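Listed below are the residues making up each chain.
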Amino acid sequence: MISSDSLPRLLHGSSGRPLTLAQHEETFAISQRREGTILDHLEASGLTGRGGAAFPTARKVRLIHDQRGHNKFVVVNAMEGEPASHKDRTLLGANPHLVLDGAEYLAAMVGANNIAVAVARDNPIVVNHLERAIHERSRRSLRGPKIELHTPPWRYVAGEESALVNWLDDNQSLPQYRPRRPTILRIGHGPVLVDNAETCANVGLIGRFGAEWWRGLGTRESPGTVLVSITGAVTRPTVLEASLGSSLRSILATGGADPNPQALLMGGYGGAWISGDRLDIAYSNQSLQEIGATVGAGIIIVLPRDGCGLVETQRIAHWMANESARQCGPCAFGLPALAEDLSQLTHNSREPQAVFKRIVERCGVIENRGACRHPDGVIRLIRSALDVFSEDIANHMRGAPCSASRSNAHFATVPALEREEELIWE
Amino acid sequence: MGMRRRVGGFVLRVNPILCDGFGHCHELAPELVNIDEWGYPIIEVTPTPLADVSILESARYAVRGCPRQALRIERVTEQS
Numbered sequence: 010m011i012s013s014d015s016l017p018r019l020l021h022g023s024s025g026r027p028l029t030l031a032q033h034e035e036t037f038a039i040s041q042r043r044e045g046t047i048l049d050h051l052e053a054s055g056l057t058g059r060g061g062a063a064f065p066t067a068r069k070v071r072l073i074h075d076q077r078g079h080n081k082f083v084v085v086n087a088m089e090g091e092p093a094s095h096k097d098r099t100l101l102g103a104n105p106h107l108v109l110d111g112a113e114y115l116a117a118m119v120g121a122n123n124i125a126v127a128v129a130r131d132n133p134i135v136v137n138h139l140e141r142a143i144h145e146r147s148r149r150s151l152r153g154p155k156i157e158l159h160t161p162p163w164r165y166v167a168g169e170e171s172a173l174v175n176w177l178d179d180n181q182s183l184p185q186y187r188p189r190r191p192t193i194l195r196i197g198h199g200p201v202l203v204d205n206a207e208t209c210a211n212v213g214l215i216g217r218f219g220a221e222w223w224r225g226l227g228t229r230e231s232p233g234t235v236l237v238s239i240t241g242a243v244t245r246p247t248v249l250e251a252s253l254g255s256s257l258r259s260i261l262a263t264g265g266a267d268p269n270p271q272a273l274l275m276g277g278y279g280g281a282w283i284s285g286d287r288l289d290i291a292y293s294n295q296s297l298q299e300i301g302a303t304v305g306a307g308i309i310i311v312l313p314r315d316g317c318g319l320v321e322t323q324r325i326a327h328w329m330a331n332e333s334a335r336q337c338g339p340c341a342f343g344l345p346a347l348a349e350d351l352s353q354l355t356h357n358s359r360e361p362q363a364v365f366k367r368i369v370e371r372c373g374v375i376e377n378r379g380a381c382r383h384p385d386g387v388i389r390l391i392r393s394a395l396d397v398f399s400e401d402i403a404n405h406m407r408g409a410p411c412s413a414s415r416s417n418a419h420f421a422t423v424p425a426l427e428r429e430e431e432l433i434w435e
Numbered sequence: 026m027g028m029r030r031r032v033g034g035f036v037l038r039v040n041p042i043l044c045d046g047f048g049h050c051h052e053l054a055p056e057l058v059n060i061d062e063w064g065y066p067i068i069e070v071t072p073t074p075l076a077d078v079s080i081l082e083s084a085r086y087a088v089r090g091c092p093r094q095a096l097r098i099e100r101v102t103e104q105s
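As given, the protein sequences belong to chains A and B, one line each in that order.
Going letter by letter, the first sequence gives residues 10 to 435 in our numbering.
Going letter by letter, the second sequence gives residues 26 to 105 in our numbering.
Source of the hints: derived by calculation from the structure; they are not laboratory data.
Since we're looking at a predicted model, the values are computed, not measured.
One should not assume that every hint holds.
Simulated restraints, written as ranges between beta carbons of each label pair [to be verified]:
| id | chain 1 | residue 1 | chain 2 | residue 2 | range |
| --- | --- | --- | --- | --- | --- |
| 1 | A | Thr247 | B | Arg38 | 41 to 47 Å |
| 2 | B | Arg38 | A | Gln32 | 29 to 35 Å |
| 3 | B | Arg93 | A | Ser150 | 47 to 53 Å |
| 4 | A | His79 | B | Arg100 | 40 to 46 Å |
| 5 | B | Arg93 | A | Gln76 | 38 to 44 Å |
Not the full set, but computed from the structure, chain A residues with beta-carbon under 7 Å of chain B [unchecked claim]:
| id | residue |
| --- | --- |
| 6 | Pro313 |
| 7 | Gln336 |
| 8 | Pro345 |
| 9 | Val369 |
| 10 | Cys372 |
| 11 | Gly373 |
Computed list of chain A residues with no C-beta within reach of chain B, every gap over 10 Å [what the hints assert, rightly or not]:
| id | residue |
| --- | --- |
| 12 | Arg77 |
| 13 | Gly408 |
| 14 | Arg415 |
| 15 | Ser416 |
C-beta atoms are modelled at their ideal positions from N, C-alpha and C, and glycine is treated no differently.
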């Protein structure tokens, strides 16, 4: 049995290729039966979702458990829409069976007889790993819920739960309007539980070893570990597992990042920039929310001193605007307008003050008016950029942009923009 | 008949996916709906008391006048 405070936990035993079912059973062997039901353990563990929103998993499970329906689904969300995130593919490339274990536990808890694993089709290696893992399971036993692999197109918003469920329900992968929350998403008539792949893997661990064991790492308020994808100014982009509540500095040091960065983008492209002298903060939602950031999907992008935060923000905003599903007016028109404003601010505009004012105004106008949280994420990013890079922005506005804004060195990975008519949604 | 107690408030809610920015709601309920620079409605989020009959009436006009049927009136029970 793995000891409760040893660190690679989710990625335990990873050796470059995924563990087979036999190896998995051996590595994560259960030495003693846990007492109590899995749901009790899940509740006691205090596990929160690892996909970004950090919603308590046990509450979500209870909600679906209490629904009527013969044909419930558990959806494992490994879409990984964030270009800077690599955690789901790393996890599925190391311990696919741990994720599937978790999905089976979840299915048992809510009474589902279908498990759908969703991986973006642009990710053929992970698709192969999963196909193989699912095949191994079906050869061992045909009992239990039916596991199916689904490959939606890769889009930023396609991993949003309502978009994903909509796709699985034979529609386009577009987010849906949900006036009341929490909303029960459905495939056909069956209620659906959507959980991130990393959340499922944690459920797998809790199901095997119990809540007590699982809480051996992390803090009281935010227990457990999290997979962190570090990119930007690093020796090489990595995914590492850190216990929640460890200091940001130590995580960056382990990841081989620039020890003296200018700023960090936390959480993903809908996340927030934080200043580089805030490195001593603990990496958990509790402490990060004091400075307006979150753990999000465990993404950290390191911006070195010789990078330009404004340029990075503008590049990200442009791409995010293009990734909008173009369903809601404020998002379809507002985000491109904001991205355009940002590029005007970066490259000398005639009236920088007016542009700056317009950005602030438009942020306020667009906020909270989309069907999903896509526009709100972009606005959070832009607002935090205006705050963190205020000095640099003042220089840009004086007509003395930093030298980095003219160079071609960029730190945030942004995929090539696709033309609107070439975006694939189904 | 007609004696429903007018306690609590209401908010106008738009389904942003259905909305195509016709702007009729702004014409019909200017007290509640503003228009942004792209023609999409910005709706007052603080609940209006149901006792405010004239505003409630224009909200109803807006709901019925929406060409995409994207609006609805939602009652808010707890007074905030």
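Each hint, compared with the structure:
1. For the pair Thr247/A and Arg38/B, the beta carbons lie near 44 Å from each other, so the given range of 41 to 47 Å is met.
2. A C-beta distance of roughly 52 Å is found between Arg38/B and Gln32/A, which places it outside the suggested range of 29 to 35 Å.
3. Here the CB-CB span from Arg93/B to Ser150/A is close to 51 Å, well matched to the stated 47 to 53 Å.
4. One distance hint, 40 to 46 Å for the beta-carbon pair His79/A and Arg100/B, is violated here, with the actual separation near 34 Å.
5. In this structure, Arg93/B and Gln76/A break the distance hint of 38 to 44 Å, their C-beta atoms being roughly 30 Å apart.
6. A least Cβ separation of about 37 Å between Pro313/A and chain B goes past the 7 Å threshold, and the interface hint is therefore violated.
7. The interface hint given for Gln336/A holds, since its Cβ lies 4 Å from the closest Cβ of chain B, which is under the 7 Å cut-off.
8. Below 7 Å, beta-carbon pairs count as interface contacts, and Pro345/A has none with chain B, the closest being about 10 Å; its hint is therefore violated.
9. At its closest, the beta carbon of Val369/A sits 14 Å from a beta carbon of chain B; the interface hint therefore is violated under the 7 Å criterion.
10. For Cys372/A, the interface hint is violated, the least distance from its beta-carbon to any beta-carbon of chain B being 12 Å, above 7 Å.
11. Residue-level restraint check for Gly373/A is violated (minimum Cβ-Cβ distance to chain B is 10 Å; threshold 7 Å).
12. With a least beta-carbon separation of about 25 Å from chain B, Arg77/A lies farther than 10 Å from that chain, consistent with its non-interface assignment.
13. The claim that Gly408/A is not at the interface with chain B holds, since no C-beta of that chain comes within 10 Å of its own (minimum 27 Å).
14. For Arg415/A, the requirement that its beta carbon stay farther than 10 Å from each beta carbon of chain B is met, with the minimum near 31 Å.
15. Against chain B, the non-interface label of Ser416/A holds: every CB pair exceeds 10 Å, the least being about 34 Å.
Hints 2, 4, 5, 6, 8, 9, 10, 11 from the earlier list are contradicted by this structure; the remaining hints agree with it.
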